[in-house]
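Protein sequences, first through last, are from chains A and B. Start counting the first sequence at 1; every next residue gets the next number (my numbering). Start counting the second sequence at 1; every next residue gets the next number (my numbering).
Since the hints were derived computationally from the structure, they do not count as laboratory data. The model shown is predicted, which means the values in this text are computed figures rather than measured ones. Accuracy of the hints is not assured; some may be wrong.
[To be verified] If you want a taste of the chain B side facing chain A, the calculated C-beta under 10 Å gives, among others:
no.: 1; residue: Thr-7
no.: 2; residue: Asp-12
no.: 3; residue: Gly-45
no.: 4; residue: Arg-108
no.: 5; residue: Asp-197
Cβ atoms here follow ideal geometry from the backbone N, Cα and C, with glycine treated the same way.
Single-letter residue listing:
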Amino acid sequence: MPLTTEEVEEIRRILGREPTLEELAMFEAQWSEHCSYKSSRVLLKLLPSTGRHVIVGVGRDAPAVELYPDTAVVFKIESHNHPSAVDPYNGAATGIGGIVRDILAMGAKPIALLDMLYLGDPGNPHANWLIRGIVRGISDYGNRIGVPTVAGDTFFDSRFNRQPLVNVACVGVASRERLVLSSPRPGDLIIVMGNATGRDGLLGSSFASKALSDNVDSDIGAVQVGDPLTEKLLIDAIQVLVGEKLVSYIKDLGGGGLTTAISEVAAEHGLGAVVHLEKLHTRQSLSPLELLVSESQERMLLSVEPEVADRVAQILEKFDVSYSVIGHFDDSGRIRVYHGGRLVADVPARDLAKPKAVRRDSRPPNEALKGLQPLTRLPTPPNLKDAILKLLSSPNTASKRWIFEQYDYEVGIRTAVKPGYGDAAVLRLLDGSCRGLAVKGDANPRYTSLDPFTGAANTVAECFRNLVAVGSRPIAIVDELNAGNPEKPEHYWYFEMMLKGVAWMAGELGLPVVGGKVSFYNEDSQGRQVRPTATIVGVGRIRDVRRAATMDFKQLGSLIVVVGATYPELGGSEYLSAIFGIEEGEIPRPRPATELRNAKFVYRAIRRGLVRAVHDISGGGLAVALLEMAVRGGVGFEVDLSKLVVRGDGRFDEILFSETQARYIIEADENAVEELIKYAQLMGVDVSIIGRTAGGGRALLRYDGGSITVELDEAASLYERSFEDAIEGGV
Amino acid sequence: MVKFPGTNCDEDVFHAARSVGLEPEVVWYKYFRPSSWDAIIIPGGFSYGDWLRAGAIAARTSAADSLYEARDSGAPIMGICNGFQILVEAGLLPGALLPNVGGRFVCRWVKLYVERPRGPWLKVLGDGDRLDMPVAHGEGRYYIDNESYYATVVKSPVLRYADGWNPNGSIYNIAGVATEDGAILGLMPHPERAYTDLLAPRGFTPGGKILFKSLADSLRKGW
Numbered sequence: 001m002p003l004t005t006e007e008v009e010e011i012r013r014i015l016g017r018e019p020t021l022e023e024l025a026m027f028e029a030q031w032s033e034h035c036s037y038k039s040s041r042v043l044l045k046l047l048p049s050t051g052r053h054v055i056v057g058v059g060r061d062a063p064a065v066e067l068y069p070d071t072a073v074v075f076k077i078e079s080h081n082h083p084s085a086v087d088p089y090n091g092a093a094t095g096i097g098g099i100v101r102d103i104l105a106m107g108a109k110p111i112a113l114l115d116m117l118y119l120g121d122p123g124n125p126h127a128n129w130l131i132r133g134i135v136r137g138i139s140d141y142g143n144r145i146g147v148p149t150v151a152g153d154t155f156f157d158s159r160f161n162r163q164p165l166v167n168v169a170c171v172g173v174a175s176r177e178r179l180v181l182s183s184p185r186p187g188d189l190i191i192v193m194g195n196a197t198g199r200d201g202l203l204g205s206s207f208a209s210k211a212l213s214d215n216v217d218s219d220i221g222a223v224q225v226g227d228p229l230t231e232k233l234l235i236d237a238i239q240v241l242v243g244e245k246l247v248s249y250i251k252d253l254g255g256g257g258l259t260t261a262i263s264e265v266a267a268e269h270g271l272g273a274v275v276h277l278e279k280l281h282t283r284q285s286l287s288p289l290e291l292l293v294s295e296s297q298e299r300m301l302l303s304v305e306p307e308v309a310d311r312v313a314q315i316l317e318k319f320d321v322s323y324s325v326i327g328h329f330d331d332s333g334r335i336r337v338y339h340g341g342r343l344v345a346d347v348p349a350r351d352l353a354k355p356k357a358v359r360r361d362s363r364p365p366n367e368a369l370k371g372l373q374p375l376t377r378l379p380t381p382p383n384l385k386d387a388i389l390k391l392l393s394s395p396n397t398a399s400k401r402w403i404f405e406q407y408d409y410e411v412g413i414r415t416a417v418k419p420g421y422g423d424a425a426v427l428r429l430l431d432g433s434c435r436g437l438a439v440k441g442d443a444n445p446r447y448t449s450l451d452p453f454t455g456a457a458n459t460v461a462e463c464f465r466n467l468v469a470v471g472s473r474p475i476a477i478v479d480e481l482n483a484g485n486p487e488k489p490e491h492y493w494y495f496e497m498m499l500k501g502v503a504w505m506a507g508e509l510g511l512p513v514v515g516g517k518v519s520f521y522n523e524d525s526q527g528r529q530v531r532p533t534a535t536i537v538g539v540g541r542i543r544d545v546r547r548a549a550t551m552d553f554k555q556l557g558s559l560i561v562v563v564g565a566t567y568p569e570l571g572g573s574e575y576l577s578a579i580f581g582i583e584e585g586e587i588p589r590p591r592p593a594t595e596l597r598n599a600k601f602v603y604r605a606i607r608r609g610l611v612r613a614v615h616d617i618s619g620g621g622l623a624v625a626l627l628e629m630a631v632r633g634g635v636g637f638e639v640d641l642s643k644l645v646v647r648g649d650g651r652f653d654e655i656l657f658s659e660t661q662a663r664y665i666i667e668a669d670e671n672a673v674e675e676l677i678k679y680a681q682l683m684g685v686d687v688s689i690i691g692r693t694a695g696g697g698r699a700l701l702r703y704d705g706g707s708i709t710v711e712l713d714e715a716a717s718l719y720e721r722s723f724e725d726a727i728e729g730g731v
Numbered sequence: 001m002v003k004f005p006g007t008n009c010d011e012d013v014f015h016a017a018r019s020v021g022l023e024p025e026v027v028w029y030k031y032f033r034p035s036s037w038d039a040i041i042i043p044g045g046f047s048y049g050d051w052l053r054a055g056a057i058a059a060r061t062s063a064a065d066s067l068y069e070a071r072d073s074g075a076p077i078m079g080i081c082n083g084f085q086i087l088v089e090a091g092l093l094p095g096a097l098l099p100n101v102g103g104r105f106v107c108r109w110v111k112l113y114v115e116r117p118r119g120p121w122l123k124v125l126g127d128g129d130r131l132d133m134p135v136a137h138g139e140g141r142y143y144i145d146n147e148s149y150y151a152t153v154v155k156s157p158v159l160r161y162a163d164g165w166n167p168n169g170s171i172y173n174i175a176g177v178a179t180e181d182g183a184i185l186g187l188m189p190h191p192e193r194a195y196t197d198l199l200a201p202r203g204f205t206p207g208g209k210i211l212f213k214s215l216a217d218s219l220r221k222g223w
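Excised from the complex, chain A in its bound form:
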């Protein structure tokens, strides 16, 4: 977004004179929505960001949370929506690069990546090209830097055909004393390490702060190109620098390039800086302006005391990492930039780093009424067996093997519960103990389009459930709010409601929102917003990864227990969308008190070894969840759904495919059931024993007056193959 007239006026006032071209470029980069959060800052304060375990909250490159008394987890989410729409391969790849460097900046070791991808219809040629490019970009970059991509989330919808959402997250761990929490001091040298600066990604964050133009090729110069080999060397070198305690501060050169990195560090610590641009190592001859705002990737800024500079240089040279000493911090409070001895910019750090927050108008559009109207007229139920099979084949439900097998999810030898086996990924710490953590990312773009507040709240709850379902205790989340144009009140309303929904549910569940990002201007060339989407990534603590629960049915004759009551809640469901193409109605109601109670029950049951498999119930409802457990485990089942605890009076398909929150399915040994029921009664949890796992290669669902039989082979083949067929054969 170019600067507005008022902003230029404000810059004149700050400087007391006409700004130079370089200064204008610095302000444009730093005051872009992407870097400054000027449209969201006021509301972001609503998020509950503190808590007993929070070590570093919002403000640094990434937050840090106490996982165990001696170990911190550092994790963060980021979007690369705009670059990925123009150049899917490089756009997605550089998203990974950037998020990993944020984790490195805290001194943590990156141990896992997640990708939350909201993509178009695989059968649409353009969307298909984007999907392939995005997945390959993440695969090529993530695999090469040796950080496993272990979890994520996907959603496919034609409204993402041209403008996908690419959200990525990285999780790192560090011992408490390894975290880089110190501040740069006046006199510290400023070192830029990594890639040579070039003419790529010029004003990329400014590009991300406006709508995509019709002619995407004109934006290609704003997309950065990734170099995973250099990133890997940065990872290796920083582990050594941090291990020897040689740096007082580390920061990624990300959006806004050198300008943002230096102004944010200086402003945050009340410092100033002197920078000599000609000392920066470059790929080509660049003007001072280009040097200031280039977003060339794989560069990081180090603050280093002069006494240890030689040792730092030695380490960087060992790893073949290029670097340049470009200046130093001082106590002037001003950023002074020289080029060949000439002063090209002289601005107060604090004013540059923080533009005035903007209050935006917010107003619900008429379309928002679709999510407020109860569903009064349901279409005639179809053949239910066909509906179940069709849901299992929907790209939103079917196995994402085609995606996750392109990712090295094993490297690092920490991945105890791998993609496709559990509701979340489980990693061990690899510190000699069995301690570990669970991670998962979630969103439901359909929910947040219909009802942004409730949809975002349900997303927080779903992430929470996924973490609980593997046997972990959720400790914190980060959020990425993907929204439209903040200058349009009817777009901004979605952002505001999603944020309030996240804040409310996180508060209710006691989950601090320790960090997050906002991506605005996700609109197409006609000015229509793409689906507003709240993405949540959560981390859970798991004391013994050997006890982690997976979702596959393990053996014949186990009892199948449903935790939580089922309401007739089909609004915004995968069933209505996939079978009838209907997208309307009230989405399932969030029930945080039930959510907490049921989670506690499931967590305890797993810890006490009372379960063989656990799966949360989400898109597609009970029917799909049961079939997923059967297909993954290669074990059939027989259930009688008249035994299910149901509230309200619903048609059978409303029960079968309802997406009521706070529910789980448990496979339990017969001997464990007594104890489970006792706990449930004690805790006031609704449980229903609906049947047993069974042989015969089929799934049988009985209900009042009828039954459905699904052959497991057919279900498995549809579940395993549909997505790959849609990608590979759909065009």
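Since the structure of chain A is provided, determine the placement of chain B on it from the hints.
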């Protein structure tokens, strides 16, 4: 363990080797001198970002000269994944590794079996023994012409993917090959990712530890 720019499995192999009592050390390629070590492992990763061809550049560094020295002294050498690609590029093992059939990177647990096990890495195994391990590569399709195959591979220890488990279109289901005496072994699957039960998903038994055990045993008692 020799580490090149882009090697990313060094710490994993380190853990696996330590788990059987070996005393591994990671050596940056610039400082690698073979005479100081009893055995050499080239871990997986993406040396030099897989530029040109996987393993091609690493095989032309001074570290490769040191590998020839090590071969001449008869030291056990194992290349895993990218390490296998480097050994092939350096001419220490026969054949070539091409992009996977399907054109995509693939990360997946597979089932293997061994033929004619001998030498420091495989001697404790029996002919036909089954091993499960994960693969994770984009260029793992083993290729060799028939003449070389019958001249070398059929006389040497070899690891094959079990029927139905070939993830990349390798010729004759080959997952790993060795020199005739088994001193030099290269394989695409990752034994270090299969050294403990904790890492094996349901339906697979971890088959990686046995290779490290075999080495530990061989270094003590010979092979």
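Verification of the supplied hints:
no.: 1; hint: Thr-7; verdict: 8 Å, holds
no.: 2; hint: Asp-12; verdict: 5 Å, holds
no.: 3; hint: Gly-45; verdict: 6 Å, holds
no.: 4; hint: Arg-108; verdict: 6 Å, holds
no.: 5; hint: Asp-197; verdict: 9 Å, holds
The structure fails none of the hints (numbered hints given earlier).
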